[in-house]
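Based on these hints, arrange chains B, C and D with the ligands on the given structure of chain A.
Top to bottom, those sequences are chains A, B, C and D.
Residue 90 in this note's numbering is what sits at position 90 of the first sequence, and the numbering runs on without skipping anything.
Residue 19 in this note's numbering is what sits at position 19 of the second sequence, and the numbering runs on without skipping anything.
Residue 258 in this note's numbering is what sits at position 258 of the third sequence, and the numbering runs on without skipping anything.
Residue 583 in this note's numbering is what sits at position 583 of the fourth sequence, and the numbering runs on without skipping anything.
Everything labelled a hint here was simulated from the structure, so no lab data went into it.
Just to be clear, a hint being listed does not mean it is correct.
[Unchecked claim] Cut-off 16 angstroms, straight-line C-alpha distance, at most; resulting in silico cross-link-like pairs (EDC-like, lysine to aspartate or glutamate): (1) C:Lys-46 to D:Glu-473; (2) A:Lys-79 to A:Glu-26; (3) C:Lys-52 to D:Glu-549.
[To be verified] Computed footprint of chain C on chain D; a stretch qualifies when at least three of its residues, placed anywhere within it, have a C-beta under 8 angstroms from a C-beta of chain C: (4) 262-274; (5) 296-307; (6) 375-386.
Heads up, the beta-carbon is just placed ideally off N, CA and C, and yes, glycines get one too.
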Amino acid sequence: MANAHVGHGAHDHAPGEHDAGHHIIEPPTYYKVFGILMILLIVTLAAAAIDLGPLNLPIAMLIAIVKAGVVMAYFMHLKFNSALVRLFAFAGVAWLMILFHLTLNDYVSRPWLQTPGQ
Amino acid sequence: MVSDAHAHGAGHHGHGLVQHQFDDMPQQRESFTLGMWLFLATEIMMFGGLFFAYSFYRWKLPGAFNEGASHLVQLWGTGNTFVLLFSSLTMAMAVHAAAIKNKQKLVMWLGITFVLGLVFLGVKAIEWGTDYQEGLIPGVRWNYYDHHHEAAQHLAEQNIGVHDVMMFFVVYFCMTGLHAIHMIIGLGLVAYFMFLGGKGHFTNGNDQPVEILGLYWHLVDIIWIFLFPLLYLIPGLNLFKGGH
Amino acid sequence: MGDAKTTGAQASTIAPEMDLLYLAITGVAVFFTIGIFIAVAFLAVKYRRGAKVDRSRPPQYNHLVEFMWTVIPLGIAMGIFVWSASLYFRAVRIPPGAMDIHVVGKQWMWKMQHPNGRWENNELHIPVGRPIQLTMTSEDVIHSFYVPAFRLKQDVVPGQFTKMWFTPTQPGTYHLYCAEFCGTLHSQMVGTVYVMDPADYERWLAEGPGQETVAAAGARLFRKHGCSGCHAPNSAVRAPLLEGKFGRPVAIQRPRAGVPLEQVQAETIVMDQRYIHDSIVLPEQEVAAGFRPIMPSYKNRISEEEIFQIVHYIKSLGAASQPQTGGTRQDNTNRLTREDYEARTGFVPSNMDRITGGGRTGNAANGAGRTSGGANGNAGGSTERMTR
Amino acid sequence: MSDATIAQSGGVAPVTQDGKLAIPREHYLNVEYGWKSWLFTLDHKRIAILYLVSITIMFAAGGLAAFMVRLHLMQPEGMLFRAQTYNKMFSAHGIIMVFFFLIPSIPAVFGNFLVPMMIGARDLAFPKLNLLSWYLYVIGAALGIAALTLGGVDTGWTFYAPLSTQYSYGQVSLTIAGAFIAGFSSILTGLNFIVTIHKMRAPGLTWFRLPLFIWSHYATSLIQILGTPVLAITLLALAVERGFHVGIFDPKLGGDPVLMQHLFWFYSHPAVYIMILPSFAVVSEIIACFSRKPIFGYKFVAAASLAIAVIGFLVWGHHMFTTTQSPYAGMVFSLLSFLVAIPSAIKVFNWTATLYKGSIRLTTPMLYALGFIGLFTIGGLTGLHLAALAVDLHVHDTYFVVAHFHYIMVGGALMGYMGAMHFWWPKMTGRMYPENWGRTAAIVLFVGFNLTFFPQFIMGYQGMPRRYATYAEEYQLWHILSTAGSTVMGFGFLFPFTYLLWSLKAGPIAGPNPFRATGLEWQTQSPPTTFNFERTPIVTHGPYLYSPEADEILDAEADLRRAELELELTRSEIAAHNRPEGEATSGV
Ligand code: HEA
Ligand code: HEA
Ligand code: CUA
Ligand SMILES: [Cu+2]
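If we strip away everything but chain A, and leave its shape as in the complex, we get (with noise of 0.2 angstroms):
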């Protein structure tokens, strides 16, 4: 939607679309995000080392999502592609919250019935 433009056409691009995929970016600029992803890593492994009950799951998971994203922005470019690239990027993982969330709806949601008869 994205590139709906009444009398150009679909390819006639919305500015700053041009550059989809042909943004480069300089290596100092991977070698730093490298250098994120390894610090990340480490804390990674410290989050484990540390007994934070139930929060060492979240904690890991933030963790991941931190890596994940900094991947996704440079190395995969996200930051630099189009809003409709990130909206499908991000579709797919919306649409995983929506299988965990219903189905987990049904199973946590199982024993509020109680029956007086028991």
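Relative to chain A, chains B, C and D with the ligands alone:
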């Protein structure tokens, strides 16, 4: 998709890099980028089914998952995470090399990526091999209760059933197995791209296929980024003790 | 079956309410269907090509109209939803004091047990006017307990207990169906529900003794076929004891041609139904480690049915510390224990504790499939099913 | 014959004046010949034809199985087969019809053919993927057929565990492999469409100038992309469980069978919208054309497609009301199921409203489209019965459900497919189908359809369970009616099968736009050339430039001209005196 991009783009038809159905290069580039991301969305959904099964059983059988995960060697897992993250860097460098039309560097970075991928699979093979010897592969060789009599006894006391530990390993092998299949496909593509890259295919202005390959490679990496803490780190950190 | 009533019969308290809701929805459906049909037919005729009618300034859209035909169906739909959901909760929430009957589904039959322990197959006798609750599980695949005259069905899922309840309102005989596809004879997993006067029911209940349980039948066969001659604790032959072994790991050897048994590596598998079954028909295939393979094969000498019973008997030995009375215990809890279920269905349903309030305490969710096995090296064959 | 002529003259009246239309000299069908030109083609139109042929074969197979099912059920104890064989028969029927016929049907054939043409593109964005998707489909279908001939499957199309993983003796793994591969074919089609629709529209073709056909296909593609992978992984898990005897879903091995149902329906409910949305697409085009009006409330109809695609992902639990699913989850799913009915309602009402003040021609495609509205309405409204938690306790897994989904999938989706077949047949082949035969077949199918499936509602409510090889006697009457109806349907399908083949050789020549439709696909010759358009069209307006009033005038003029011509001819006839009558009129 990747090969599609290549075969046309590389100018097999002898005229231009723009395929017949497209008007110009930007349109073609955007189409391929969008198409690849859609494909990645399907990959996310596909792995998503397994991630869901994982979450569900871990939620249902927390003790058994803890026990099962304690038999994985965290050092291998950590090493492999490093290897894959590193390979993502080298892949990004390969994409960059193609963009700046540097043939030597392109082939070099792809080569390093390839080697790193091999290392990853090698480590996985070692891990699985040990699992086999230990009888930790459900449906293939499962001797868990033989080798871990005490643990089994202990679990029984906690009311953790025979199959509950097995469930961890079923999920573990499904997830890492599917991931490994993706790695193998990725390696095949990287090798193929090295071959074509050596012939100058991607440094003639048609660098997009490499970028698309890169997207695939990074996604496989991202999936591992999630697999590693979910599978290896359940019992907390204990790098140097293999559970076996 | 021929005498079983079907449709018209509204034989439970919930049935008339179901029919009313059904009729209401059907009313909505008919209204819209007829409306659409008439509108389409009328417009198609009136505005047929060549008809001299006013076609000036045809409307392209109209927000008010769109709004109306979004909101009105939405309102109707929400109305139906509220009605049906509230009826549904009444249909699934079990009233206090319901009489508890246990149901086990298996390919392809139903087994019901009454509070006093009486078992029956494919028939269900119940008193009229009393709330009845069924506690159900399955031995193998998913089945579904369906009595059209009650307007109710509930899936019967292996590894879990499901419940349904109803109060029959009319004496008579009614169809009982299995509604979830469960394999070859799904369509013959049918039976009859007899709704009786309470007095008749009491008489019926009293006249039949508790029938032999599967495990008890197995015990009889175990003696009849001479198994006990070797496997009894005081037997002269050196053969493994079977008590307390079910569901536990056992060491075995798989003899290979030309290799002396002593040199064959032992491995561990879980003693499960398949293993026992194969031990009976193919004893030489997996030999209990440390024993000579002298056990004769009973292939073609014992029917599958009998093997099934023997297997269940051996399973019940797995709980040797408990009295082996199977389902005929007559204490006033009228609930089967974990062990009873284990003996009947081969595993303890995961929600056992919640449903029956009995059994061992512990993480109920962890209970599924505790005691049967089957995932060992050679299970790739076709012998894993013998639940008939 | 004469009807075809009328349709034709009603179509491009000015062109018919010279009395002769000709098939254009060069088009996509005759640029190349030989099997290689087909098996390696990258032309979306040729791939569409490949799909058409293979899908027709699968439909015949699935229909044959359906007919066997119906014959068997003539008698309570079953007429033809042992129970085992019957189970394999309905499983084969369901699996073929769903995975190998209905899911690919309209998108892969007509979507493939028309999406690029409707947006003024030369081809889909990824022609090679398109061809690959056809090959995947063929491999999947071949595996499916192989499984069915090498012993069959008896799990139903739903593959519920643990029946499918531990207890079924059939060729479950092979069938699963077939469905798995066909699934990827479906994913590739969807991916191709989305990119094409986003990136390849002709200049000036903004989103709200897109035909509704495109909107619906876009929504379909979204479902294909986001849903199908979950089916793939579920099938994979089933295969692993079956192959290695480990328990992912089998409770005896620690698994949870209801989890499998969740995963299965997460795809398979949205999949029913994969089946129906493309039919919505077709019906919107046909109704606009034959009532000579833009679709009423275009934007609402377009948005409804997307709404269905999204909400459709939230309702899958309504297939599991009687399992161990929690009543609260059931309630949520029930509520959402009622919500998803609303966009469908919007569509039905808007189509009906489109007829108002139109200039309606009851051609064959229009008959199918109007039939679609009626039958889909019945099917959809009975979906409300099923979505109502309480009622579903009674009718779940009875013939009421069977009737519900056949009303939608046969009465709706299949009728849409038949409508599309007739509507775009001239575009695809350059020749007209015979109008009278077409109408007859449409009516026969409509009658046969209702006779087949209406009785199933009745016996379903009376408690007749589905997937029963034998049944209680009191249902026999309804079964016999149903079988009778299916026989009528079987004959009904023989008509189009025959006359469409005939029309390939002998049908009247259609000309570029026999129906005077205004979509882009009609602005080029029939059959089109390989690249569809001489030059990329520039779009300055919406897709439905119809005006019933103007049309009536045009029609009247055409009629006048025809009358004059006829008069002239009659005069010359009288002059010639002995010329036979038939020849004279056929010249018109
Ligand atoms: C193309 C296929 C298709 C489509 C489009 C639908 C559409 C719908 N389906 Fe159906 N369905 C199937 C195919 C389909 N279904 C199949 C194959 C099965 C069985 C699977 C199996 O078990 O094998 C099934 C089963 C099925 C069930 C499970 C039944 C059971 O097993 O117990 C349910 C339950 O809610 C359901 C509901 C619905 C609803 C609410 C819609 C809605 O989308 C319908 C919306 C349409 C309308 C409502 C009509 C138009 C509206 C009006 C004219 C206005 C008036 C409207 C109101 C007042 C609200 N369907
Ligand atoms: C697209 C989907 C689709 C279509 C089109 C049909 C079409 C038909 N279906 Fe079916 N059906 C399903 C999808 C479909 N069905 C599904 C998903 C199930 C559930 C399966 C399960 O439970 O797992 C089912 C189940 C099902 C049952 C229930 C079985 C049971 O539960 O025991 C019945 C019974 O009457 C039936 C009948 C029919 C009939 C009579 C047709 C008729 O419309 C068919 C008409 C067609 C013909 C009669 C053949 C036409 C072909 C030719 C004329 C060509 C001639 C042949 C050659 C040249 C070789 N179907
Ligand atoms: Cu049991 Cu069907
Ligand atoms: Cu559904």
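Is Lys-46 (chain C) close enough to Glu-473 (chain D), meaning Cα to Cα at most 16 angstroms?
-> violated, 47 angstroms
Given the hinted pair Lys-52 (chain C) and Glu-549 (chain D), is their alpha-carbon gap at most 16 angstroms?
-> Distance of about 10 angstroms is within 16 angstroms: holds.
Residue count check for the segment 296-307 of chain D against chain C: does it reach three with CB-CB under 8 angstroms?
-> holds (count 5)
Given coverage of the segment 262-274 of chain D by chain C, tested with a Cβ cutoff of 8 angstroms and a minimum of 3 residues = violated (count 0)
Mind checking the alpha carbons of Lys-79 (chain A) and Glu-26 (chain A) for me, to see if they're no more than 16 angstroms apart?
-> holds, 14 angstroms
For the segment 375-386 of chain D, does the count of residues with a C-beta closer than 8 angstroms to a C-beta of chain C reach 3?
-> holds (count 6)
In summary, the numbered hints that this structure violates are 1, 4.
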